[in-house]
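*Asks:* Sequence:
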Amino acid sequence: MFIAASAAIIVAMTLTLIRAILGPTIYDRIMAVNLFGTKALLLIAVMGFLTDRPEFLDIALVYALINFIATIAIMKFFRFAHLGHPHEEDSLGDL
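Each position in the sequence shown, counted from 1, maps to that position plus 72 in our numbering.
Just so you know, these hints were derived from the structure itself, not from any lab.
For glycine and all other residues, C-beta sits at the position ideal for the given N, C-alpha and C.
Derived DEER-like restraints, expressed as beta-carbon distance ranges: (1) Ile144 / Asp124: 32 to 38 Å; (2) Glu127 / Ile98: 35 to 41 Å; (3) Leu129 / Ala84: 15 to 21 Å; (4) Glu127 / Pro96: 38 to 44 Å.
Using the sequences plus the hints, can you model the full thing?
*Replies:* Next comes the structure, spelled out in structure tokens:
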């Protein structure tokens with residue numbers, strides 16, 4: 073049963089990768105890459121169950137957090153063209 077789930081996830085990852093390549097806008101591509109990361113997370117969890125190694129779930133959790141933070145950072149970069157504060161004159165002088 074887990075092998076069928078793994079096969080279904082791999083097929084979904086392939087379709088998501090195609091969407092990431094052919095996406096009409098940058099936001100579609102970013103969302104497809106985010107979904108690809110989420111499906112990779114599911115695949116890691118299923119592999120943990122297949123090999124009877126529960127520490128894979130910890131790896132999957134860390135991967136999910138990294139995927140979320142990276143998606144937010146990329147979306148912010150493409151929306152505002154910077155990740156921090158815009159370059160403005162500093163009122164404190166030359167620090």
